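Enquirer: The chain contents come next:
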Amino acid sequence: MKKAKKAPKTQPETAKVSGTAASSIKKWLDFDLDIDSLPVPPPRESAEDDGGDETPLLSRIPKSAPRFVYTALAAICSIVLTATLILTVEGMPRYGEDQDYMDTVTYEYITHGMEYTGAVNIVAGIILEYRAFDTLGESFVLFCAVTCVLVLLRADSADSMPEDVVFRDLSHDAILRRTVLAIVPLVFMFGVYVLLNGHLSPGGGFSGGAVIGAGLVMVSVAYGGDVSGRIVSERVFKIVTTCALSFYCLGKSYTFFTGANGLHSIVGNGTPGNILSAGLILPLNVAVGMVVACTVYGIYRMFDKRSF
Amino acid sequence: MAAWVRFGFSAFFAVIGVFAFISAAVGAFRLDYVLSRMHATALADTVGIGAIAVSASIAAGVDFVTLKLLFSAAAMVLTSPVSTHMLAELEYRTGDELYKHVKFKVGKKWERLK
Amino acid sequence: MGNLLYNYEEAVALILFSIGFMTLLFHKNLLRKLIGMNIMDSGVYLFLASMGYIYGRRAPIVENGDVSAEHYVNPVPASLVLTGIVVSVSVTAVMLSLAVRLYERYHTLNLDEIYAAARTRREHR
Amino acid sequence: MEFIRNFPFFSVAVFLFSAVICSVLKPRAARIWTVAAETAVLAFSACVLYYTWSTGEFFRYNMGHFDAPWSNQLRAGVLEGVAATGFSLILLLSHIGGMRYVNADIENKKQSAYCTLLNLIGAALMALAYTNDLFTGYVFLEIMTLSSCGILMIRRAGRTALAATRYMVINLLGSGLFLLGTCLFYGITGHLLMEYIGAGVATLDATGDYAVPLTVTIGLVCAGLAIKAGLFPFHTWMPDTYGTATPTSSAVLSGIVSKGYIFLLVKIMYRVAGVNTEAMTAARHILYVFGILGIILGSVWAMRSAYLNRMIAFSSAAQIGYIFVGIGLGGTAGFTAALFQLIAHGLTKPLLFLSGARLAESSGDSQYFADLQGAAHRNRAAGAAFTVAALSMVGIPLLAGFPVKLYFAIASVQHGILVDAVTLLTLAVSTLLNALYFIRTAIRIYTPSVRPAEKNESQVVIDKKSDPGLAVAAVGFALAIVSLGVFPGSLSSLITTGLSMFA
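Chains as they are written, first to last, in the working numbering: chain A, 68 to 375; chain B, 43 to 156; chain C, 292 to 416; chain D, -15 to 487.
Hints in this document: simulated from the structure, not taken from any laboratory.
Keep in mind that this is a model prediction, so the values were computed, not measured.
Each computed DSS-like pair below joins lysine-lysine, with the alpha-carbon atoms no more than 25 angstroms apart:
1) A:305 to D:94
2) D:10 to A:305
3) A:305 to D:93
4) D:93 to D:10
5) D:94 to D:10
6) A:372 to A:305
7) D:93 to A:372
8) D:94 to A:372
Estimated spans, in silico, between C-beta atoms of each pair:
9) C:295 to B:54: 32 to 40 angstroms
10) D:88 to A:338: 58 to 66 angstroms
11) C:323 to A:321: 41 to 49 angstroms
12) D:401 to A:330: 55 to 63 angstroms
13) C:323 to B:116: 30 to 38 angstroms
14) D:10 to A:298: 20 to 28 angstroms
15) A:153 to C:403: 26 to 34 angstroms
16) B:79 to D:190: 55 to 63 angstroms
Partial list, computed: chain A residues near chain B (C-beta under 8 angstroms):
17) 240
18) 242
19) 243
20) 246
21) 250
The beta-carbon is built from N, C-alpha and C at its ideal position, and this holds for glycine as well.
Full structure from sequences and hints, please.
Expert: Written out as structure tokens, the structure reads:
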């Protein structure tokens, strides 16, 4: 016998919170209950789209309470953390003393560093030769950051450009133009110097690239986006980033592969001290420097103009 | 004797530099409007770093290291006023409470705009 | 507490770390949280750099062929710092672009107000 | 040295290289390239798993010309093979399953960027599975955080920016603590390779000096990774994150990203800190307590949410609690249960998100339960997939959820009466709560919706849009879930042998 037809429910009106949970569970089990009237949090406006950090369970507590609860918890957390950190430092080995582990790992780096990697600057040797996998991951962190910034801020299509954003153009300022005219050549020269001498003196790909990137940003601020756009347009940005990162990835994969399988790698170390030495470190520094320069400039462009 | 003279000069410049930094810090806290705060802190970059660089180079004698130090101090003295100038211009263009902090001399008295 | 007098540089680094930690937790403005995060990172890098230093030794750049380990500082923490700094730069860039997007949408950077606005606008998808 | 030993390095290199290439390819080409890369890495991981299982011992792979403590090193054993295969399989199926939504949700210009970010997540996962170096783990952990924030905010509509900000702030807290832990480990032992740190920690543990820094370091590392994995008090970003992202992103984020952090935590527990040292047992007990709280409260909040994606998100907070309960129980049985749950949950959750999105789309594109009524009739395939995943979450036999609860029961029996009682009680209560909200939803989508508007036309509007990608993914996930349910012994024996050679 067909069950009596249930009166069709119009738009289920907002569920009034039934008093006892037991009665609603019983009704739910009898299966004739419209599931919407379960003790679901009160009507949609307040807790329904509750995306905030208040979970529905807390939504019944007056608004000010979570704020106080949060601050109290945060205060306890940070005090405990500070206390433990001070205690840790108190237990750490003495500052500035020769630790006993110096004679295993670091001894090898310093004594044979220059001999194997050819780099006078041992830190560059460690970064690009001994622990090269970290630095490969490093430039991909930067690549990932620039992809995220491009995804977030790029708004070349008309509709996606936010309407109330006013672009302030300070590029016609005479003082700025004279100073940048005097400074930029020095900055580029210094950046290239730091880049090329990565394996001889402190510096290297990341710091050299950042200096060159800063030079590009200065040109863009002083002479407006279109002048610097001619130096690094979107095409140049894409080509440089892709070629440099692919070269880095492939070059290092070659070294890892030959090293792991014991094959002889054709990359010689050259005589330490002059520019063209230290195997792959110089070309890698140049590649990383270009990637970092384009990234710094690209990120600035996204914040400044929201498009290339 | 020469050591004393050298120590005296470098100490003198060092005191100037440190005083500039302290006044900048106090200025940054005490002053309320952004332009006046900027005036205080801009002082620190030029006078402070310049004086300390000079005092360090006097104390350490002149060789490549101090030349490099003086060169970087000169670069700082050249560029930091320009950056302060840019920030001030931006604040002037966009800030809307400028009139509250500006006084005009009307006759003998300084009055604020209403 | 005797060791604390010797390890003063590492103590300062970790105090810097907890200052950044507190700023990250207590301030509601997104930019202040970001500044707190940067302080946290620089605290860790100061701690790393100070861990490698040894009194009376030079930076690990080989001068005229002298490769004995007694003359140089421990280079490994320096290489870790170099790798770490790039991480905090990239994270700061992404957080700032998020702040720009949030400001465009909600016209405020105070996270409480943004939650309230998101709730009243009843957006989910 | 056999060629197969290069496969761990190949899988990371393939993903990194294809990430660079995809950023310049056209969207269609980028998608094909990414799917090809994911399939290749799945093949590599399966070979590594088979090779290590057949030879019965792990192998090391020095990156570059220098030997162990000086250069980076990858290490592949049975457990790493299982994790890598699981991660790449889930990544491949989630990407194929959500392909249509990626095209719909994301602007055309940004689709190749989406493929780049997926590749970077794959690279980070493979590196976290295989790495034998703590600082490499931190670097690829950061790549994973940034790219998972990227795939979250790539969807322009809705509050993805707000969700991404919350996700980033809490995750950065976690990685800050982890970085500090890594530096402290280097400070007291002088090494960065996991075995050498483990040896240093063992000697320190024996002699007892640096006791305070050692305990604090272990605490920092465990806290950092637990925060990033979304353990109980730090799971508030989950409903926002999984609720607003495209289905593929929520599937990848909930399925494998939080699992990558947990796998790194298990590796650190075994190799670096030593599972049974006194400090680590204390840390594991704390994680156990938070896991128990997470299971209960996660299920309660899931029950109370009236919005499909938020319900699934809260249930994943509860399932993460399961894994930490397994870690808390400890011993081979505890870790086997935890890692089994890690794989089983990684297979069911993406299916829930993908089929849930399909059901929502076919019922007027709204995630409210009221509108979802009768959705399964409108789209039979998605309804069936959702039900399979929901029943597996509840723990019905013949599905992946059941052996999880079985192994947890076995693991908890080996402990004292109190721990045993608490764990079994939590298992029972959480199964009941899961049943309440999952079966309620299953019933909801199968009760035919009598809508006045549609009364005159045919009773049910069948959703005609064909979605081959989702069909393939649903079949793949369902097969995996059922095979795990029917032959749990295969995976659990693999995990046990892996754990024996993991230290």
